[in-house]
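One-letter residues, chain by chain:
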Amino acid sequence: MSEPTEKQPRRVHLKVLGATLGASAFAYAMAPLRAWTKELSVDAFLQKHYKELTKEEMTKVIARLEADTKRDYGADVTIKDPKPRAGVEFGYALNLSVCIGCRKCAEACHHENNHDRATNNSYIRVLEMEQGSFDMERGNVQYDHAVPAPGKFYMPVQCHQCDNAPCTKVCPVQATWKEPDGIVVVDYNWCIGCRYCEAACPYHARRFNWTKPEIPKEEINPDQGYLSNRIRPQGVVEKCTFCLHRTREGKLPACLEACPTGARVFGNLLDPDSEIRWVLEHKRVFILKEELGTKPRFFYFFDV
Amino acid sequence: MACSVRCTGKNIVRSLLFTAAIVFGVACGHRDQAQSLQAAPSASATGAVVIHEPPKLTSIETDKVDALGKPIRVACVTCHTARVGQKLPTSPDDLRDFHQGLVFKHGDNTCANCHVLGAQDSLRLADGRLIPMREAMTLCGQCHGSQLRDYKKGAHGGMSGHWDLASGGRLRNHCVDCHDPHAPKFVPSTPVLPPRDLKLGPPIPHQAGPAIPKLSTEGAHP
Amino acid sequence: MNQRSHAVTYPRFIYRLLAGAFDGGWRFYLWMTILTAIALVGANAWAHQLARGMQITGMSDHVSWGLYIANFTFGVGLAAGAVMMVIPAYLYDDHDMHNVVLVGEILAIAAISVCLGFIVVDLGRPDRFWHIIPAVGRFNWPVSMLTWDVIVLNGYLLLNLHITGYLIYSKFIGKKPSKRWYLPFVFLSIFWAISIHTVTAFLYSGLGGRPFWNSALLAPRFIASAFVSGPAFVIVLLQIVRRASTFRVGDGPIRTLSSVLRVTVLLNLFMLGSEVFTAFYTGGAHATAAKYLFFGSHGRHALVPWIWSAIALNVLSAVLLHLPAARNKLALLDIACLAAFAGVWIEKGMGLIIPGFVPSTLHEVVEYVPTLAEWKITAGIWAFGFMVLTLALKVALPVLTGELSLAKEEEPAEPEPVPEAAE
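Chains as they are written, first to last, in numbering that gives the first Met the number 0: chain A, 0 to 303; chain B, 0 to 221; chain C, 0 to 422.
I should point out that these hints are in silico values taken from the structure, not numbers from a laboratory. Backbone N, C-alpha and C define an ideal beta-carbon position, used for all residues, glycine too. Where hints are given, some of them may not hold.
[To be verified] Counterexamples of contact, computed for chain A against chain C with all Cβ distances above 10 Å:
(1) A28
(2) M57
(3) D71
(4) H144
(5) A148
(6) P149
(7) K151
(8) Q173
(9) N208
(10) T210
(11) K216
(12) P221
(13) D222
(14) D270
(15) E280
[As the list claims (entries may be wrong)] Pairs of lysine-lysine, DSS-like flavour, derived with a Cα cap of 27 Å:
(16) B/K198 / C/K375
(17) A/K151 / A/K168
(18) A/K211 / C/K375
(19) A/K288 / B/K104
(20) A/K37 / A/K288
(21) B/K213 / A/K151
(22) A/K294 / B/K152
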């Protein structure tokens, strides 16, 4: 059939027709992509990994991200890239004896970290469990009665910032890693969205952006960090960063400030006089799923 | 001739090594910028730790409201200088004219354990010494020593501000910010931000235990 | 003719293959049109998924992998299973098998294309694919098992492309293939086939936080089930090839493959049984996922019909394969093969991936049901795979039968044989 002979003109015509139809059907099928590619700039496509960006490149990236936020959400925001501090490794402890399960921490996280409004997304999930049992099997996160309820106790769970983090190990593109101050971060502009880290995390600490987050302009927290609470793009994984845009500037995390019972203790593990060190040295501390060997920086404790 | 061959061989090996180094470097992420760190927190804490002073230590709510709808408060001394009671009440039921509706649920304490007739802006410690009302924490700590210890170590009580006092100050809650001194146990409240994840579905009835009542009114939380 | 440079004959070879891929009888056109239509429906659904986000799938933060990864896992098994033709052909010198071994290698190529398709549609950001290219992006090798999977899958694809391409090209130019240009690759591909499925199993079994997957038996189970789905598919495929093309397929390969199948189908059931025993006899938290899978948990049982269908199909195929009648009646054998294929597809797909997430790591029971969009995309990728398989066979078989060769092409008088559809 290579050269059309007199016997086969109809066949060739049919083939041309078929190919044309096929091509236009393909173009039609892929038409929804136009909306998607419109938001994808060449600069964004070619952007380098966080660790490879020079200072000047980072300045440009941040300017672009701020402009994107203005375009997509109408909000003026400031994105910073605070660096880890020398001599600081963060630790966090939570007092299960006093937590009342009010979920104010989850709510503060929701607002601080610019989470999608429709899904009530938050990096913190609070389990209600029966006193005298530590069976998460019988736990419940969807409680909607008054708290604290009789016979129950509450366990908020968020990223444990593991030293031996299963999530960073499995990432095929090094889009998530552990910073020198102990915080496990994600480069939202490098993540390919395979969700392997979500499968690997034993603490349900990671979230995927199943859609573009929706937040009303006036509710957007304008004080943002590149590696933390800036509005995440669709199709990437996100996680708790101990509010590094706050904590690397010396401030307390948003969930701690919101806690009405003072169940949360945060600080520098390398400072022997810090509150967190006092708790770890004097309280009955335990680690969730310690048997997995994840070596968390997040601890639970009970009052003695 | 032999020399030149050897030299070429050496060069080939050298260039191979060089290429390998580049490939290895690229593959292992040696394109990274040098990691920059912020300075370590300074040892001298410049930020102050301030303990919040709840207004209830110096004033009391009246039934009048201001233009914004907030109850107007009057200082304790406003009434307590003009009017000195005859007898310290023994239970909240005795409070007829003032402090009506005070709920008392604090163990076996009686009013006289902490209050003294004629010194209403002071509190009485167990050893009989009087302290100003604003120093209530000392009084609480007489019985709740472990909580006071934890508080002093930063492991009890809410706070806001800075973990690093070299970067800024910190505001700490007072005992009575969270606990009503006359009924210190937390009043149950409705939790906020119920999970609404994708595909979550209705909650699973986990235990056949008695149903826990929902609150009819919001905002009963202290 | 043989003196001519490859620079001349190779483009000619490629051109002839391409031309052959677009020419055939009406059955071929009908089959390809149907596949194209399904693939386009899938492409359209994928475009929607990219534009609107993966919220249009049934996945959630609790069940973060679903139908795509399930099919990916199964597809890797299918690709690995094709090696069950290579082993008899090259390790045991089975001459009948040697004649048809190329069909298995082509199946491996198509199956790997399917796997890569499922990985691409599962990505939230396929536009950032380049981040995973070694030396260009940041390849987290050797720590991430997924990077190993990238290497072994693409390596397996290249190996099979090389072997089939080289053998067909040699045949096309009428030269005896030189052993050193394909034999080492064939032996490598045997080990490589085992590695693709082992690495894929390690993706899951290496996760300490997912007790359902965290089992040393997972990789052996994967291999066993691969050696069920692979031969089952090839048995049916060889019969279709025999009918639809002039390529001669003897009964020998089919007999050999059904002998293999008779063992592996039992081995697979045995390993499933071992997992079930360990889970249920021990009980406790580690049994929760198995309990959810087989009986439902906390009043939720979306997977129960799936897994019992899988077990019924696997048992049915085991019984049928061991009936004496199945040795003579091809129809019975075909039913057994289809049952085994479907059974493994469920067991290793939905039956393996979903219980890893239910209950979640905080023991929440959130169910997963694939949405229409996911089914469309899944069907589209399988249709694409069948297109690859059909076209590859369509161009390769006439070369193997000698209908298409450089020698024939250069005899202008000879009327060109139009090969029949090879679906």
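Right, here's what the structure says about each hint:
1. A28: The claim breaks: A/A28 does not keep its Cβ more than 10 Å from every Cβ of chain C (closest is about 4 Å).
2. M57: holds, 17 Å
3. D71: holds, 14 Å
4. H144: holds, 18 Å
5. A148: With a cut-off of 10 Å, A/A148 remains clear of chain C, as the shortest Cβ separation is near 19 Å.
6. P149: Label holds. Min Cβ-Cβ 22 Å, cutoff 10 Å.
7. K151: It holds; A/K151 is separated from chain C by about 16 Å at its closest Cβ, greater than 10 Å.
8. Q173: violated, 4 Å
9. N208: Since the minimum Cβ distance to chain C is about 7 Å, A/N208 lies within 10 Å and the statement is violated.
10. T210: For A/T210, whose nearest Cβ neighbour in chain C is about 4 Å away, the distance does not exceed 10 Å, so it is violated.
11. K216: Check passes; 20 Å lies beyond 10 Å.
12. P221: A/P221 clear of chain C: closest Cβ-Cβ about 24 Å, beyond 10 Å.
13. D222: With a cut-off of 10 Å, A/D222 remains clear of chain C, as the shortest Cβ separation is near 26 Å.
14. D270: holds, 31 Å
15. E280: holds, 28 Å
16. B/K198 / C/K375: Holds. B/K198 to C/K375 sits at ~20 Å (cutoff 27 Å).
17. A/K151 / A/K168: violated, 36 Å
18. A/K211 / C/K375: Roughly 23 Å between the alpha carbons, so the hint for A/K211 and C/K375 holds.
19. A/K288 / B/K104: It is violated: about 39 Å lies between the C-alpha atoms, which goes past 27 Å.
20. A/K37 / A/K288: violated, 44 Å
21. B/K213 / A/K151: Satisfied, since the Cα-Cα distance of roughly 15 Å is no more than 27 Å.
22. A/K294 / B/K152: holds, 25 Å
Violation of the numbered hints given earlier is confined to hints 1, 8, 9, 10, 17, 19, 20; the remaining hints are satisfied by the structure.
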